[in-house]
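Engineer: As a plain string of letters, each chain reads:
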Amino acid sequence: MTTDIGTWIAALLTLCIFSFLYRDNPFYKFAEHLFVGISAAYWVCYYIYNILIPNLYNPLFIQGQLLFIIPLILGVMMLMRLFPQPAWMSRFPLAFIVGTYAGYNFITYLQTYAIDQVRATMVRVVDVSAWQEFFAHPGVVSFFNAIAIPVVVVGVITGLIYFFFSREHKGVFGGLARTGVWFLMIAFGASFGYTVMARISLLIGRLYFLLHDWLQLI
Amino acid sequence: MRRQGPLIITFITGAVIILQYFIPHRPFSDLQQLFNSWFLVIAVFALILGIGNLSKIHIGRVVRRREHWPYSIVLIVGFVIMFSAGVIWGIQRGTPFYYIFWNIHIPMGSTMFALLAFFVASASYRAFRARTPEATVLLVSAIIVMLSRVPLGNFIWKDLPLVGDWIMAYPNMAGQRAIWMGIALGVVSTSLRIILGIERTYLSGR
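Keeping their order, the protein sequence lines are chains A and B.
Start counting the first sequence at 1; every next residue gets the next number (my numbering).
Start counting the second sequence at 1; every next residue gets the next number (my numbering).
Simulated from the structure, these hints should not be mistaken for laboratory data.
Model, not experiment: these values are computed from the prediction.
Where a beta carbon is used, it is the ideal one built from N, C-alpha and C, also for glycine.
Be careful, since some hints might not be right.
[Unchecked claim] Just a few of them, taken from the derived set where beta-carbon distance is under 10 Å, the chain A residues facing chain B: (1) Ile38; (2) Ile115; (3) Trp131; (4) Arg178; (5) Gly180; (6) Ala198.
Build out the structure end to end from the sequences listed, making use of the hints.
Structural biologist: Encoded structure:
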């Protein structure tokens with residue numbers, strides 16, 4: 001068993017959180033509240049040193065760029081929300097944040113998630129070399145490689161058809177929409193499986209910490 | 001002024017950010033950099049506002065001796081210790097701030113997420129009942145992806161990891177792409193509505 005105090009603190013807090021698996025209890029509540037307090041302070045300090053000092057303190061108070069008094073005033077106006085009477089003042093900095101964020105989202109989503117995705121789907125559907133490889137060496141892997149591009153194109157188009165609600169999902173259109181649902185289900189299943197494995201991996205990490213770093217059993 | 005002022009600010013900032021993308025030259029490029037810097041500063045003040053609100057709630061809970069008030073003291077003490085450590089000694093490696101971060105913040109954060117493994121497992125037990133063909137597809141896809149990422153999958157069938165990768169790279173990507181395109185169109189239209197002042201719910205719905 002280790003004698004390092006930091007490892008002991010980490011191990012005991014880890015056990016406090018795992019105790020929630022039994023039921024909600026004072027140990028878990030203690031760890032939960034401690035985590036919230038420490039996390040809040042961590043992010044405040046992180047942003048003070050990495051954003052406020054280089055983007056506000058240095059330009060305004062060291063370099064004397066008076067233009068930076070505007071974000072300072074807007075920031076203070078934001079804090080007015082804590083008081084009922086001048087709470088309306090927080091609308092101005094909020095409007096600045098919402099406007100900038102909307103502008104960035106407009107560009108990012110239009111470029112990355114719409115135009116680039118459409119461009120990536122506009123490909124040659126039949127990959128001749130992949131089919132040649134399949135006929136030369138028939139097998140599961142070569143078959144999957146051959147049908148990969150058509151699967152993507154069909155999946156994207158039918159998935160989009162499913163999200164098109166201006167027309168009733170009946171007949172051929174309904175059949176295509178149902179195919180889209182299947183692709184969406186595969187995507188949800190895959191994402192779910194991936195998330196579960198990520199969580200299991202974290203769990204293994206915590207158990208390894210307890211058994212190796214703390215108890216030194218393995 | 002209280003209503004029109006914020007709408008004008010939203011329009012100007014949003015329009016400048018969009019314009020600089022299509023016209024990446026002065027004055028739009030300079031304005032975008034300036035706005036970006038201001039945005040970060042104001043966002044930090046928004047975080048400070050959140051901390052102020054958190055403190056207000058928990059101090060109030062302690063003062064009024066409400067239910068579970070001793071835990072609020074734990075939260076406040078944790079915040080004060082971490083914050084003081086960061087302000088007095090800095091946040092570099094080797095400081096008390098870093099020690100608390102490494103021995104308390106990191107282990108608790110990972111354990112919180114690791115805890116979700118159990119809840120995800122119990123949720124999946126309830127959700128993964130193959131009642132319909134679509135639910136069966138979801139179930140099969142999830143099982144293949146999970147098995148393909150552990151040695152057992154390779155033991156069952158040597159090509160299973162390849163099939164898992166193939167599902168992630170092609171059918172999964174096709175579904176995700178369709179979803180993201182839908183989200184993108186929604187975000188673009190909502191952003192435009194906000195910038196043009198049609199969507200005003202962020203101003204308390206007025």
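Engineer: So which of the earlier hints does this model not fit?
Structural biologist: Hint 3 is the one this structure does not satisfy, whereas the remaining hints hold.
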